[in-house]
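2 protein chains.
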Amino acid sequence: MYATINEANAAVIAEIRRARPRLVDVRPAGACIPVLAEGAVLMHAGPPIEWDAMTGPMKGAVLGACLFEGWSKTTEEAEVFAATNVRFVPCHDNSAVGPMGGITSANMPVLVVKNAEQGNVAYCNLNEGIGKVMRFGAFEGEVQTRLAWMRDVLAPVLSAALKTKSDGIDLTALMAQAITMGDEFHQRNIAASALLMKALAADVAAGDASREDKEAVLRFLERTDQFFLNVAMAHCKCVMDAGHAVGEGSIVTAMTRNGRDFGIRVAGLGDRWFTAPVNTPVGLFFTGYSQADANPDIGDSAITETFGIGGAAMIAAPGVTRFVGSGGFSDALEISEQMREIYVETNTTLQIPTWDFQGACLGLDVRRVVETGITPVINTGIAHRLPGVGQVGAGTVRPPLACFEQALEALAATRAAAA
Amino acid sequence: MYATINEANAAVIAEIRRARPRLVDVRPAGACIPVLAEGAVLMHAGPPIEWDAMTGPMKGAVLGACLFEGWSKTTEEAEVFAATNVRFVPCHDNSAVGPMGGITSANMPVLVVKNAEQGNVAYCNLNEGIGKVMRFGAFEGEVQTRLAWMRDVLAPVLSAALKTKSDGIDLTALMAQAITMGDEFHQRNIAASALLMKALAADVAAGDASREDKEAVLRFLERTDQFFLNVAMAHCKCVMDAGHAVGEGSIVTAMTRNGRDFGIRVAGLGDRWFTAPVNTPVGLFFTGYSQADANPDIGDSAITETFGIGGAAMIAAPGVTRFVGSGGFSDALEISEQMREIYVETNTTLQIPTWDFQGACLGLDVRRVVETGITPVINTGIAHRLPGVGQVGAGTVRPPLACFEQALEALAATRAAAA
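Top line first, the protein sequences correspond to chains W and G.
Taking our numbering, I'd label the letters of the first sequence as residues 1 to 419.
Taking our numbering, I'd label the letters of the second sequence as residues 1 to 419.
Please keep in mind that the hints were generated in silico from the structure rather than gathered at the bench.
Take these hints with a grain of salt, some might be off.
Said to hold, decoys possible - Facing chain G, a subset of chain W residues (Cβ under 10 Å, in silico):
1. T180
2. G182
3. D183
4. M197
5. A199
6. A201
7. G207
8. A216
9. F286
10. S330
11. T354
12. D356
13. G359
14. L401
To be verified - According to the in silico footprint, chain G covers these stretches of chain W (three or more CB under 8 Å from chain G):
15. 184-196
16. 217-228
To be verified - Chain W residues, not near chain G, derived (Cβ > 12 Å throughout):
17. V35
18. R260
19. R272
If you're wondering where the values come from, they're calculated on a predicted model, not measured in any experiment.
A virtual CB, placed ideally from N, CA and C, is assigned to each residue, including glycine.
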């Protein structure tokens with residue numbers, strides 16, 4: 001055991017810095033995540049939650065998964081099946097993350113991100129693009145068609161392209177470049193998505209798929225500017241799990257939301273979730289929608305802020321500041337400067353030119369959050385609160401302080417018990 | 001005739017703003033630039049210059065073109081042929097631009113950029129990548145192999161991909177996006193190159209070329225982060241020619257260098273060049289090279305600064321500031337703020353997030369340069385002064401003030417004569 005929390009935190013941060021996640025494959029979720037092979041099981045975003053307590057977008061996505069897996073033929077059947085037959089498990093308990101609803105089933109493909117240093121693996125489903133998409137709660141028609149195409153065409157083509165590389169794609173290097181190009185990796189991934197496509201296009205073209213399929217895959221990547229979000233999430237999960245393995249200290253290693261509860265995990269507190277009711281994001285809404293349509297905070301994507309990008313790296317992406325309704329360049333600077341007070345270190349790999357080449361935030365410390373009362377800023381998409389609608393806007397949200405207060409108390413109790 | 005120079009300048013700037021260049025094709029230079037079909041003719045960068053007066057990198061590129069066109073079989077033969085048989089004409093006199101030596105021959109492919117509003121067309125040869133490349137004066141072996149591949153594979157594949165689009169690629173929109181991603185379009189084009197590749201990859205994959213050729217083209221684009229430089233140059237030439245057509249005022253519509261002379265053109269002074277001896281760029285050098293190896297300033301690429309990007313947009317690309325040895329974020333800001341004093345307007349299309357969304361500089365005014373004594377900052381590659389070596393570094397350089405002084409005198413004389 002480390003003598004002080006600071007020493008434990010230094011060890012956690014050293015592991016985070018040492019991690020080198022590589023995107024190595026795209027595979028069916030059921031082939032790499034054991035729990036999904038155990039029958040009617042779905043992974044979801046956030047800390048544990050059951051069907052009855054889920055909000056609209058997660059329920060919509062569950063219905064979509066029941067239809068996609070062939071467990072139900074109609075929406076009505078799916079509602080009954082979801083309520084009675086499906087077992088729900090958090091992505092986070094299975095080395096995985098998923099944006100918004102985070103619903104992932106055995107036959108959905110996942111990105112496979114392997115840590116070349118510590119060896120752990122993280123998974124995330126694939127970004128579906130914008131509009132009517134399952135992660136925001138839409139589930140019928142084009143959603144199903146797209147999910148089937150992603151399973152049958154996109155995934156195998158990307159898998160083949162990745163396998164032509166000796167050891168996949170170095171995400172640390174790619175993200176180091178993309179953060180200099182205005183990505184903060186939560187609401188803005190346009191540079192990283194383009195760089196990933198650049199790294200894959202020649203291999204896709206050289207592959208054995210039909211000309212039509214190769215064109216369709218590249219067209220999808222061309223149009224999906226947030227494709228890298230899910231890659232970034234798997235990267236962050238992979239890195240934070242490597243830090244979490246230290247098993248001590250006050251660094252937050254997961255922040256996530258299920259639409260009802262915000263949950264955090266802390267390196268020194270094992271797999272316990274510290275939860276409190278989520279807030280509702282505030283931001284800008286697409287035409288025809290307003291704040292009244294916004295679902296409460298949802299999704300595993302806050303793993304980006306856990307790592308220190310996303311909202312914490314707002315200064316890297318002043319373009320995003322406007323998109324989420326948070327002002328201009330000076331506002332972006334102010335947010336990142338405030339975040340520096342609750343993260344104990346900077347990320348020497350992710351240098352931000354617009355921050356005079358200062359590194360991104362690293363090491364969110366429960367103690368600092370409670371001492372300062374400053375909670376992390378999370379950039380987020382906003383889902384409609386009803387199932388079947390989809391994304392209605394983008395904005396920012398903060399976690400409830402109570403999660404951090406509970407964790408700090410638990411940490412104190414743990415160390416008192418050990419002393 | 002406009003009543004005042006300010007009114008004339010407003011008209012020039014309105015035409016620049018109205019221009020909408022689109023990348024529509026890649027064709028053999030001889031098929032679209034008439035002078036190149038008149039026998040042993042080569043286009044070069046800068047104001048007019050003859051063989052004897054050329055510096056090393058331009059001479060090297062001339063030898064390369066003589067070999068490439070089959071006019072000579074050996075370097076020795078090429079030296080004789082260049083000195084006695086070749087007619088040299090400036091790119092700028094033929095709706096074209098070319099980086100560094102700018103040497104362009106009939107069988108080299110050129111980018112075809114058509115202005116959807118005013119209808120004029122501009123051309124630029126294709127970027128060869130880095131290392132031993134013709135534009136920096138290397139001319140044997142791999143240079144010739146690559147030039148032949150660009151002619152036989154790259155150009156037809158890109159041409160076919162561009163033709164699948166109804167009206168090519170909207171460069172105004174692409175550059176508006178890329179400037180928010182840290183490109184200033186002279187020394188940094190990594191975002192624009194990735195976005196261009198993103199726009200072309202699916203069409204390349206769908207094309208009729210062999211799988212090997214399609215892979216090779218996409219691999220080349222993957223590795224050529226400055227591919228868009230030549231596109232940006234053609235864009236700028238197209239836009240500035242549209243402004244030049246107004247035929248009045250004190251806005252600079254071309255700045256270029258041939259290794260000996262720096263030349264400028266002004267909207268109100270027709271096709272006259274106002275020249276003075278070039279300076280030599282100062283910057284950072286690749287391992288093994290130093291300032292003593294630097295060729296004097298050369299290339300048509302200063303058309304980017306003529307338009308108001310490149311060095312004038314240093315604040316958009318703080319990453320470049322380090323690459324050219326000009327400091328950090330605050331230095332980049334200082335350079336762009338200084339440039340605002342000599343450009344009369346801002347470019348509402350090219351908003352720079354790191355400048356609090358201020359537009360790039362627009363409308364370089366001869367009067368302001370002479371009044372303030374501030375000359376434009378030009379970001380530039382640095383060629384070795386001897387033929388056959390290639391690029392040795394990158395840095396910044398300023399034009400001689402004398403060009404602007406001469407132009408201002410000529411402008412005064414013109415208006416006095418008209419009064």
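Cross-check of the supplied hints:
1. T180: 5 Å, holds
2. G182: With a closest approach of 5 Å, the W/G182 hint holds.
3. D183: 8 Å, holds
4. M197: 6 Å, holds
5. A199: 7 Å, holds
6. A201: 4 Å, holds
7. G207: 9 Å, holds
8. A216: 8 Å, holds
9. F286: Nearest chain G Cβ about 20 Å off; hint violated.
10. S330: It holds, given that the least Cβ distance between W/S330 and chain G is near 7 Å, below 10 Å.
11. T354: Since the shortest Cβ distance to chain G is 5 Å, the answer is holds.
12. D356: At 4 Å from the nearest chain G Cβ, W/D356 passes the 10 Å test, so the hint holds.
13. G359: At about 14 Å, which exceeds the 10 Å cut-off, the nearest Cβ of chain G leaves the hint on W/G359 violated.
14. L401: Nearest chain G Cβ about 31 Å off; hint violated.
15. 184-196: Coverage by chain G holds for the stretch 184-196 of chain W (4 residues, Cβ < 8 Å).
16. 217-228: Since 4 is at least three, the answer is holds.
17. V35: 36 Å, holds
18. R260: For W/R260, whose nearest Cβ neighbour in chain G is about 36 Å away, the distance exceeds 12 Å, so it holds.
19. R272: The claim holds: W/R272 sits with its nearest Cβ about 41 Å from chain G, beyond 12 Å.
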